[in-house]
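Listed here are the chains, written in short residue letters.
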Amino acid sequence: MDPVLNIDRLTLEFPIYGGAVRALDAVSITVRPGEIVGVVGESGCGKSVTAMTTLRLIPDDRYRVIGGSITLLGVDMLSAGEKALATIRGARASMIFQEPLTALNPTRRVGDQMVEVIRAHQRISAAAATARATRLLSEMRIADAAEVLRRYPFELSGGMRQRVVIALAFANDPAIVIADEPTTALDVTVQRQVLLLLRQRSRDVGAAVLLITHDMGVVSEYTERVYVMYAGRVVESGPTAAVLGDPAHPYTRALLAGLPGSVAPKAVLQSIPGRVPDLRRVPDGCAFAPRCGQAMACCRQAPPLVAIPSPDGPVPRFAACWLPAAEAAS
Amino acid sequence: MVPVPDHPLVADDVAVRFPVKRDWHGRPTLFAHALNGVSLTVERGANLGIVGESGCGKSTLAQVLTGLVAPSSGQLIRGRPHDGTRAVDRIGIVFQDPHASLDPRMRVWRIITEPVFLRGGALKSELRALAMELAVKVGLRPEHVDRFPHEFSGGQRQRIAIARALSSSPDIVILDEPTSALDISVQAQILNLLLELQRERSLTYVVISHNVAVIRHFCDTVAVMYLGQFVECGPAAVVLSNPRHPYTRLLLDSVAEVGRGAAAERIVDASELPSNRHLPSGCFFRDRCPDAAPGCERPQHLVAPRGDAVRQVRCHVAAAGP
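Protein chains in written order, with the numbering used here: chain Y, 1 to 330; chain P, 1 to 322.
Looking at chain Y on its own, in the form it has when it is part of the complex (with noise of 0.2 Å):
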């Protein structure tokens, strides 16, 4: 089956006074019909942007594409008119903000703003619209969702609004769903509600979900591939159990020995020294390189992409690092 979202070696950057920050370094994204992708990293590390640029909400004049393509529904994105945009973002492609009060817009009721969503890209009476609406929220398990409708945003908790902003993502049938930090805002019981009805409306759908969170748990309860990021790059992909489970770059295991919980109550947890390097001026060769304890001279080039071997499944598992090279050599 063809994906539905395929980004392919894609770089890209912000120009700034006197340089440029390279958000994107060679990223590389794949997702599949109906697949729930995770993508991971720590702030910086060029994951929104990912999102951000994959439905093309940056503007055009704020960054440079050096390389690399986007494929969305068979749509080269990077090149599409904005009548193209149009048809299909908010229809096949959908996104789901982090901060679900500054998604909606505060001075329209919900149903106006949902209505509008539907008619945008369906040719139905107001009042077909309405009632899709009315089941789209009440699919959310929403209860009085007709009463929902005539509220206004600020009259809802949060874990309402995000429901109601993922029901807007899946208004007109998407084949993929963008959710950047869905549940950041939210507690920790809203945030399994939430993530659940994301599962189940996109399972029921057949929608694929490019999920973006900074949370491992996250990743690991509702993700089936996950990819990690560090510094604009991809570090490390592939299926979420064996990624988590035994991590291949030694930079996706740092950060799963950072999580207090990996080591015994009050002892020294594992931290990786130094910080996140400046994206105006990456190193040349591993970006995690300076940072790794198991740096060697080989690190100053720019790592191969080694297929990790995997017993469980087809599914390819990657990583960008000399050492599975160098232990598949020996």
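A hint or two may mislead.
As a list, the in silico SDA-like pairs of lysine to any residue whose alpha-carbon atoms are at most 20 Å apart [stated by the list, open to error]: (1) Y:266 <-> P:257; (2) Y:266 <-> P:198; (3) P:21 <-> Y:155; (4) Y:266 <-> P:45; (5) Y:266 <-> P:192; (6) P:21 <-> P:31.
Worth flagging that the hints you see were computed from the coordinates, not collected in a lab.
Please arrange chain P on chain Y, whose structure you already have, making use of the hints.
Frame of chain Y; chain P shown alone:
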């Protein structure tokens, strides 16, 4: 309630309510009930964790413990330090957001020594020397003390906030969500630093967090809060591995953790935290509780469950049997 001198901090049935609406006389007509009868004792050397969701009153409790908010009823008893310093100086606090809690127009040495400066009587040279010493202690360089907060990353700012909390040489440091604004790798550094400082300076931490993993890593005892009350408290190892109160169970089930595999299909109840403007009658958790039974309409008290003396639960069903 007898104040126990060796306990540096005791809260006895503390309640806090904030007026949210007033009539035209300016008299309050509606209150937000942030804390509804919280009693706790901070034991020297035993870290206390307070866990709960937003709106449960954890941060108000932090402010009460530091003396920033006065209780509406109940009282707070601070142990008397032996060396004659004021008890209120022996409590430090580290706030959640290091971007908002540092004055952008103060140099770092002024920020760090603000608690000492406010006490008065210290020379500028002494303050600077103290700031440098503390900066080194928390992993900054001595020359950093002449910079401004915007020149630092999030992790470094949190280090500055920790140095400030330590400057009045407190016995108790209250950590209000100390790492929730930080990335995982930085979080590990800060947690390590806090534990190292505790060993060095014999501190006691009160950790307030929604992050169960941090509480489990850090604390000896834990209290689970719901709508301004403790619903379960006891040794962290016991409560967090084998919760008895239905809310504690819901909370722990909801936390996404690495290594648990795909989340179970069961969608948990779609209800949410009730408003604290009008408190529910009886058990506060009753409307969301899967175990609700006759008797839940009566107010619940913290009691030790049968055959389990180390902890207390605010639930007659959990207290009655396994």
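Index of numbered hints that the structure contradicts, given in increasing order: none
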